[in-house]
Amino acid sequence: MSEELRVSDIETRGKAGKKRYAMVVDVRRCIGCMACQVACKAEFDTPLGVNRTWVPYKVIGKYPTVRKAFLPRLCNHCDDAPCVRNCPVEATFKVEDGGFILQRYERCIGCRSCMAACPYNARFMLPSHRTYTPITNVVDKCTFCFHRVTQNLVPACVQTCIGRSRVFGDINDPNSEVSYLVANNATQVLRPEEGTKPHVFYIGADRNQTEFGRDAYRKPEVMEQERSAFKRHFKI
Amino acid sequence: MGDYTWFHDVSWHSTYAIYFFVIGVCAGLAFLSYGSWKTPALRPLREKAAYGSFILLVIGGILLIADLSQPLRFLNVLNPAYLNFNSPLAWGALNILAFSVASVVYLTMLRKGDEKTSRLLATIVALLALGLPIYTGYDLSAHQSRPVWNTPIMPVLFVALAVASGSAVGALLAGANDAAQRILREYMLWSTGAVGVILISILGTTNYGGSAQELTYLIMTTGSMGLIFIGIGLLAGTAAPVALLLAPTGRQQGGLMLSAVLILVGSAALRYALLMGPQQLQTLY
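In the order they appear, the protein sequences are chains A and B.
FYI, our numbering numbers position 192 of the first sequence as 192, with every residue one higher than the one before it.
FYI, our numbering numbers position 175 of the second sequence as 411, with every residue one higher than the one before it.
Be careful, since some hints might not be right.
Claimed, not checked - Using 25 Å as the maximum straight-line C-alpha spacing, the simulated SDA-like pairs for lysine to any residue come out as follows:
#, chain 1, residue 1, chain 2, residue 2
1, A, Lys15, A, Tyr180
2, A, Lys62, A, Lys197
3, A, Lys94, A, Glu226
4, A, Lys15, A, Glu226
5, A, Lys41, B, Tyr240
6, A, Lys197, B, Trp242
7, A, Lys197, B, Val246
8, A, Lys41, B, Gln306
9, A, Lys62, B, Tyr240
10, A, Lys68, B, Ser447
11, A, Lys197, B, Asn331
12, A, Lys197, A, Thr136
13, A, Lys58, B, Gln306
14, B, Lys284, B, Ile295
15, A, Lys94, A, Gln225
To be verified - Residues from chain A that keep clear of chain B, each with C-beta distances beyond 12 Å, as calculated:
#, residue
16, Glu11
17, Arg13
18, Val27
19, Ala42
20, Pro64
21, Arg73
22, Val149
23, Thr150
24, Gln151
25, Leu153
26, Val154
27, Asp170
28, Val182
29, Ala183
30, Phe230
What the hints assert, rightly or not - Going by beta-carbon spacing under 10 Å, a handful of chain B positions derived as facing chain A:
#, residue
31, Trp248
32, Ile298
33, Leu304
34, Gln306
35, Val313
36, Ala378
37, Ser381
38, Trp426
39, Thr441
40, Leu471
No lab work stands behind these hints, which were simulated from the structure alone.
Please read all numbers here as calculations on a predicted model, not as lab measurements.
No residue lacks a Cβ here, since even glycine has one placed at the ideal position from N, Cα and C.
Please model the entire structure based on the sequences and the hints provided.
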């Protein structure tokens, strides 16, 4: 016997008559081709050094049983988004019907409070130089391809995913593929302890990727070398 | 080995730490100017503290605005149509604005020599000044995903740091005034002692937290961040001045001045470490 899920005012999941878009990432099907990252870059002219979606990986296990564990990352479009709560000028807001967390670029003051609030590092500061777009020096993030979804298209990363690892849809619709996947598979979300109610669900994610790695501290000098190499060409 | 880690940037850079320090001293000096109405020994500091507080407010405001990536849009924070009252930053902006206005009026009344109005305004300025460290602390503690920041004691720590650093600047301004120095010694001793107790409790809860807390504890207590936080902040800037103030030399002018300098250096280091340390782990996630 199941009890009806209680829904707070801020939540849109399970709310009758409302859409609630979500993404399911089946990491068992991810081959690490980074096509999603490229598609996103192409869709939004995201500059070098910053990404709306990215696919970090870790090498897990010991020879000869080693494998790469991928974890495609993006904004989790949380139901209780700390970035929305922390923005002093409501430059970040939640779309009631759909649950998209979006950004008003013309209002953003660049205080980076939303970046500090996001547990997923999904937000970044746009550099002052861009080739085709005049939007600079404000905080940006994944929009779940709001412009495409409102035209009945799926996000660019989902469209391009070669292994159908990424699936997108309305989780409030019991007949949608995302509802089916979430109902029939063991899924996990990133950092559930933060209470943000994220809407990117992972199937088969490795805990070495989803949790803070203990090796984050073990070799700080190696980490710093890697960090400086990583940042060498990115002057933002 | 062979991993692909995306290295994120810290959200708030060291400019914020300087701002925290400047605005803390600014609030501390406002408390002293108010205290001069209650404690006659502090009377020589009244104007000095009030002017010092206002100058630091201007410097802090410039730092805060310059750190925005869209500095001219700082006016958006004052636009009632845009203001998000769920954000501690919005409340902070309103607090700073109200404090600025009250400070200007207070300074004007002090110049006019209107004692009755100045006394009332000193109380209002002190209450608004109390809001400055509270909001800066709350600004950090509101981020639920950050170890160390997300502790309810953070605003209290910032208030204690403001009293300590404000009293330290007051002790340097008081010079050879024995009566004022005696009072300021008490302020420095108790507020720095409170800072020490709060820091130890924060370190305890951080060390016994989850993996993020545990790793942040390691980051903050070892390496270069450990030198700043433990070495300069906790030992040289908190424990040493408390010991010095308790010793007989702490009652003499030289010892008091040395304690004041140590407290100022320590409180600057603590603000830097408390801001930057808890952001490091997140850059690897």
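Enumerated hints in conflict with the structure, sorted upward: Structure breaks hints 2, 3, 4, 11, 12, 13, 15, 21, 30, 32, 38, 39 and 40.
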